[in-house]
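A.B. asks: Sequence:
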Amino acid sequence: MKYIMVTGGVMSGLGKGLTTASLGKLLQARGLKVTAIKIDPYLNMDAGTMNPFEHGEIFVTEDGGEIDLDMGHYERFLDINLTKDHNITTGQIYYEVISKERRGEYLGRTVQIIPHVVDEIKRRIRQTALKSGADVCLVEIGGTVGDMESMPFLEAARQMRLEEGPTNTLFIHVTLVPTSGPVGEQKTKPTQHSVKELRQLGISPDIIICRSATPLTTEARRKISLFCNVWENEVISAVDVKNIYELPLVLEHENLSSIVLQKLGIRPGDLDLGEWVEMVSRMENASKPVKIAIVGKYIRFTDTYLSIHEALRHAAAKNDARLEIKWINAERLERVTESSLRELSECHGIVVPGGFGPRGAEGKILAIKWARENLVPFLGLCFGFQLAVVEFARNVVGLEEANSTEINPFTPHPVIDLLPEQKGLKELGGTMRLGALEIVLEKGTKAFQIYHQERIWERHRHRYEVNPEY
11 MKYIMVTGGV MSGLGKGLTT ASLGKLLQAR GLKVTAIKID PYLNMDAGTM
61 NPFEHGEIFV TEDGGEIDLD MGHYERFLDI NLTKDHNITT GQIYYEVISK
111 ERRGEYLGRT VQIIPHVVDE IKRRIRQTAL KSGADVCLVE IGGTVGDMES
161 MPFLEAARQM RLEEGPTNTL FIHVTLVPTS GPVGEQKTKP TQHSVKELRQ
211 LGISPDIIIC RSATPLTTEA RRKISLFCNV WENEVISAVD VKNIYELPLV
261 LEHENLSSIV LQKLGIRPGD LDLGEWVEMV SRMENASKPV KIAIVGKYIR
311 FTDTYLSIHE ALRHAAAKND ARLEIKWINA ERLERVTESS LRELSECHGI
361 VVPGGFGPRG AEGKILAIKW ARENLVPFLG LCFGFQLAVV EFARNVVGLE
411 EANSTEINPF TPHPVIDLLP EQKGLKELGG TMRLGALEIV LEKGTKAFQI
461 YHQERIWERH RHRYEVNPEY
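Each residue of the sequence shown is one higher than the last, beginning at 11 in the numbering used here.
Wrong hints could be hidden among the right ones.
Cut-off 25 Å, straight-line C-alpha distance, at most; resulting in silico cross-link-like pairs (SDA-like, lysine to any residue) [said to hold, decoys possible]: (1) Lys206 with Glu64; (2) Lys301 with Ala223; (3) Lys436 with Phe366; (4) Lys252 with Lys206; (5) Lys199 with Gly175; (6) Lys433 with Arg471; (7) Lys301 with Arg323; (8) Lys436 with Ile449.
It should be emphasised that the hints constitute simulated quantities derived from the structure, not laboratory data. Everything numeric in this text was worked out from a predicted model, so none of it was measured.
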């Protein structure tokens, strides 16, 4: 097994996840089987109970994991299904170590960060990687080098380099090269200091990937090479792109996959990015303008709906459509105005995504009613679908006070109600109906026309359902 550790410096939000996914795509294009692990250095057990404004989308795996949105990038770029084990958090590590101590597995020893916590991190990485059967395991270590929270994970990575050997481990450091002054001079000091901090922890990066607004200049590349102890060709320019699916092509232009394979002692296969290049070209050259409204309650932080956004982009590319997404605040729709209705009327389709709680619910119902009455294509997801049932019950069936018990526990017509197994639960984390479940489609429906089969599997994350009594 070959391990590639991806760290980040200077600041958070540099795109380590996209960089990791892009490198994985390049290695796949060379004929290798690739898997990926995301390490999140927070004390939460998983992302399931985290605020979407703080964390963004909670990505759901086939086996019911509620994990970091970067895992969505991994699955989309690599076209693989990952499991909940591919997301490691500090909370999981500490929970396992303390559980082992309570069971007496440490035989009375004093339990410490080193070796016990670090050993558990290494065990989890190796176990997940080997179970996948991959040739290469990419490990993205979340956070920024220098953060206290990341220290045990960086120490585990350092030890793995010693134990696995230099031809089986590779360190990639992602940094920022900002520009300053009237001529936009590229500044390399932040990268130099970030690498210095990493080397103080015993890790010397093999490759440095530099995020920048413009391609790295020869002088900036030379400075980073000199002061960070890597060859100039190992300083990779990752220039900003308009379309994230261009990133593998940008990195390959810098010969990243060849450098990685050479350092890992892997004979490179022929590079096959034909389908990827074609997909990017379709996205860039689509001719038919299509405007889709997403009516949500978390739209000021659109990462909350990342998978929906990307699914729409993929569908648009497949159908030669130039996608424009119109983000509409569901709460604002509740104050029905001419401008808010005009926003809906300008769109070719309406998506109402998932959410929790009563805030903005009536605005979503208004958008659904607009779509039904004006024959606008509509897609309701999770809470959005539940509210479509509520809207139909009220305005077509005639159950005027129909509602979900999530919004109004005392509604006389609870057309959406809590799942039986959810009643009486006291803990929130990991207790929803989660993961891929079988769905039986009725022939003659639009769903059946789309899937062309009676039984399908799709991922779930909800506590409420359409009330069988209705």
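A.B. asks: For lysine 433 and arginine 471, compute the direct alpha-carbon distance and say whether it is at most 25 Å.
C.D. replies: Judged against 25 Å, a Cα distance of about 16 Å means the pair holds.
A.B. asks: For the pair supplied as a hint, lysine 199 and glycine 175, is the alpha-carbon distance within the 25 Å limit?
C.D. replies: 30 Å, violated
A.B. asks: When you check the alpha-carbon spacing of lysine 301 and alanine 223, does it fall within 25 Å?
C.D. replies: Given pair lysine 301, alanine 223 is violated - Cα atoms ~29 Å apart, limit 25 Å.
A.B. asks: Taking only the CA atoms, is the gap from lysine 252 to lysine 206 under or equal to 25 Å?
C.D. replies: 31 Å, violated
A.B. asks: Taken at face value, is the distance from the CA of isoleucine 449 to the CA of lysine 436 at most 25 Å?
C.D. replies: 28 Å, violated
A.B. asks: Do the alpha carbons of lysine 301 and arginine 323 lie within 25 Å of each other, as the hint requires?
C.D. replies: 11 Å, holds
A.B. asks: Verify the proposed pairing of lysine 206 with glutamate 64, using a straight-line Cα cut of 25 Å.
C.D. replies: 30 Å, violated
A.B. asks: Given the hinted pair lysine 436 and phenylalanine 366, is their Cα-Cα distance within 25 Å?
C.D. replies: 17 Å, holds
Of the numbered hints given earlier, the model fails hints 1, 2, 4, 5, 8; all others are met.
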